[in-house]
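Asks: The lines below spell out each chain.
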Amino acid sequence: MNDFFQYLLQHLDLNAIWFVLIGVLFTGYAALDGFDLGVGALHLFTKTDKERRLMLNSIGPVWDGNEVWLVTGGGALFAAFPEVYATVFSGFYLAFMLLLCSLIFRAVAIEFRSKQPMLWWRRMWDICFALGSILSAFLIGVALGNIAWGIPLDKDFEFSGSFLGLLHPYALLMGVTTVALFMMHGCIYATMKTEGPLHEKLRGWINNTIIFFIICYATATVATLVYLPHMSEKLKQTPWFFVLAILNMLAIANIPREVHHKRDLMAFASSCAAMVTLMGLFGLGMFPNLVLSNPNPEHSMNIINSASSHKTLGIMLVIAILGVPVVLAYTASIYWIFRGKVKLDPHSY
Amino acid sequence: MSVELLARIQFAFTVAFHYIYPPLSIGLGVLLVLIEGAWLKTRNPLYHRMAKFWTRVFALTFAIGVATGIVMEFEFGTNWATYSRYVGDIFGSALAAEGIFAFFLESGFLAILLFGWDKVGPKLHFFSTLMVCLGAHFSAVWIVVANSWQQTPAGYHIIGEGLNARAEITNFWAMVFNPSSMDRLSHVVMGAWQAGAFLAISVSAFYLLNKRHVRFARASLKTGLLVAGFASVMQLVTGHSSAVGVSRNQPAKLAAMEAHYAESAPADLYLFGWVNNKGETVNCGVRLPGMLSYLVHGDSKAPIQGLNAFKANERPPVNFVFQTYHLMVAVGMSLIGLSFLGLFLWWRGTLFTCRPVLWVMVFSVLGPQIANQAGWFTAEVGRQPWIVYNLLKTSDALSKVVTANEVLASLIMFTLIYILLFAVFIFLLDNKIRSGPDAHEELPGEPLAHLPRA
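Taken in sequence, the protein lines are chains A and B. Count the first sequence with the working numbering and you get residues 1 to 349, in order. Count the second sequence with the working numbering and you get residues 1001 to 1454, in order.
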């Protein structure tokens, strides 16, 4: 067994594998926490206390596990590409502090809201939950936008820009697009999990969220093609990769169709597929770079110059091979146990 | 203030605040396993009520633990980027392993523990409780391993020169089982069990004093005392072996813990005192001559390396380490005394009526918290000025691009948020304790009266 692993590790391109695995972890985060951030973004649009409790409890048993994808993605990035971890988090200092702040408020708002009956108490945590969710989604999008656009790096990979420099129009557009994507994703999820009047109300919102998303998506795509030609370079070189772009468009186009036929689960699956293909396109555009340097592209961080040692990447791969199947198995079981429409009971939030 | 000082204050503050909650989760997890196991075996409804009540308390501590834990993970990158570049090859894999092996397990089964009472059978529910408890312990394993590697690095070599140097792993298991990790892990886990057990003891004693929920309180108090008694004694054993390990691996830290200056001479054990670092003496101290030498080497004449063997800029702040260490020991000893007094009174049959002891027990919840914090301060301040012992100085580990103002701004933000969180936590915990084990969860009160109570 040990010999087998050693043979495998010597003959694999571990740097490329870890590029993909980090991508998988962050895609898992986007597809899973994406819907509960989206539910949060829609939270204030529901009006009665019962509706808000239903919204919260639709994500109740799973939001915490979803957030673990971010924690594990962060840990894996630290281990596999420590230079990227160090550069991005210290470079985006204030932005990440704001993100942490919004994630804290969001998490405790879910837990605290229903613990007291006072109206002001519930209103306060409702606002924290919704604002925290929207701000988290927005900042994640801004970070992605900056990574694709490129940030100023010196030869030691130290960030040499400023906080306000991170808020350029392309990054802001990506931020808004992420909010729109998560809102659509969350709206579909919440529709799938509810019944009765709230279900009908949410169903009515889906089209608006889709329109909002498509406008952002189209603008972001045009902006990327015009300003970031490197992001579509691989598609030009290898036209077969264009299949991914087509799948992405098909998945998005399929969402309204499934919603129309009231196949909510399929609509949610399409939305997940849209996110997976979007992240795939993003990864394809970036590869082999993890963070682009703009204006000095020769200082970009790629899978070779920012990675850990071969040994660490190998150990981590063994950890992933042992751990990930187990994680997927019980994540799936938990979603299975809590399948079906959400109902309020004494254990609800 | 300098970036270094601000960044250290910020890290100390956020980690100390975070560390109120994980020990409670670990300790309460053990209690939940015991209680739910008892319910599964006897089907006594009392145990069911206990399990439900303590689960609600567990959920509250867990939520804040998670929310504040994410901060810790990213602070390595935001404030300590040079450190992250230096140790990423080693430290990162422990963090990633924590995510894969601990957090997913814990958060996944937590869903069943909290919301699954009516969805799954009792056996699967018990299994989920067990997994949550196990996940919490795994988390401790990987975090203590990562921290212990900083204290006693092993299984690595250094690549590169000067400030571009970084540590690379050569032997994964040597990194995991570095010289201090097992001693420190057992010490940390026992501290966590005490934190959970004394919370149960405190709440139960409060009920008994007020003659409320008496059957519930008696059973909870007994469960708490059993765990507390065991963990307190084990704390003496693991504390001793940790200290012996420190004498071997981090002599400057041990010397600071007992303010031992003489370069190589038998060392005394202080019960308390105030260190005069300039005069290299301890004022108002009460000491047991040669006792430290005896505890470390089994010989009261054996020499122990003192602080004078280290350059002035390679010594930790002596009085601070001395005080936190002695605070930890004093509180730890009191907790042993209290748990044995409790067990003795239980055996005599007067535990539930002895009001003075019950009153002490109400306040005992603070004991493990104080000792745990003081212990970590001893461990972390005691290894200064090194962030990775003998390899990387804390002052070299900072993010180069982050300014003092940015750190100050985030420090102020975290201070405000954490004060708010702590106030809300105490308010809700107090509320849960006051409403007691029989209160239905989540009271849709007045403005929400139209809701069915399910």
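Read the hints as simulated data drawn from the structure, not as lab findings. Values in this document were obtained by computation on a predicted structure and should not be read as measured data. Glycine included, C-beta positions come from ideal geometry on N, C-alpha and C. Just so you know, not all the hints are guaranteed correct.
Here are the computed lysine-lysine pairs in the DSSO-like style, where the Cα-Cα straight-line distance is at most 27 Å [as the list claims (entries may be wrong)]:
| # | chain 1 | residue 1 | chain 2 | residue 2 |
| --- | --- | --- | --- | --- |
| 1 | B | 1222 | A | 262 |
| 2 | B | 1432 | A | 262 |
| 3 | A | 343 | B | 1311 |
| 4 | B | 1123 | A | 50 |
| 5 | B | 1222 | B | 1052 |
| 6 | A | 115 | B | 1393 |
| 7 | A | 262 | A | 311 |
| 8 | A | 343 | B | 1393 |
| 9 | A | 311 | B | 1222 |
| 10 | B | 1123 | B | 1222 |
If we take Cβ atoms under 8 Å as the criterion, some of the chain A residues that face chain B in the derived model are [said to hold, decoys possible]:
| # | residue |
| --- | --- |
| 11 | 31 |
| 12 | 74 |
| 13 | 75 |
| 14 | 165 |
| 15 | 168 |
| 16 | 169 |
Asks: Give me the numbers of the hints this structure contradicts, sorted from smallest to largest.
Replies: Of the numbered hints, 1, 2, 3, 4, 6, 7, 8, 9, 11, 14, 15 and 16 do not hold.
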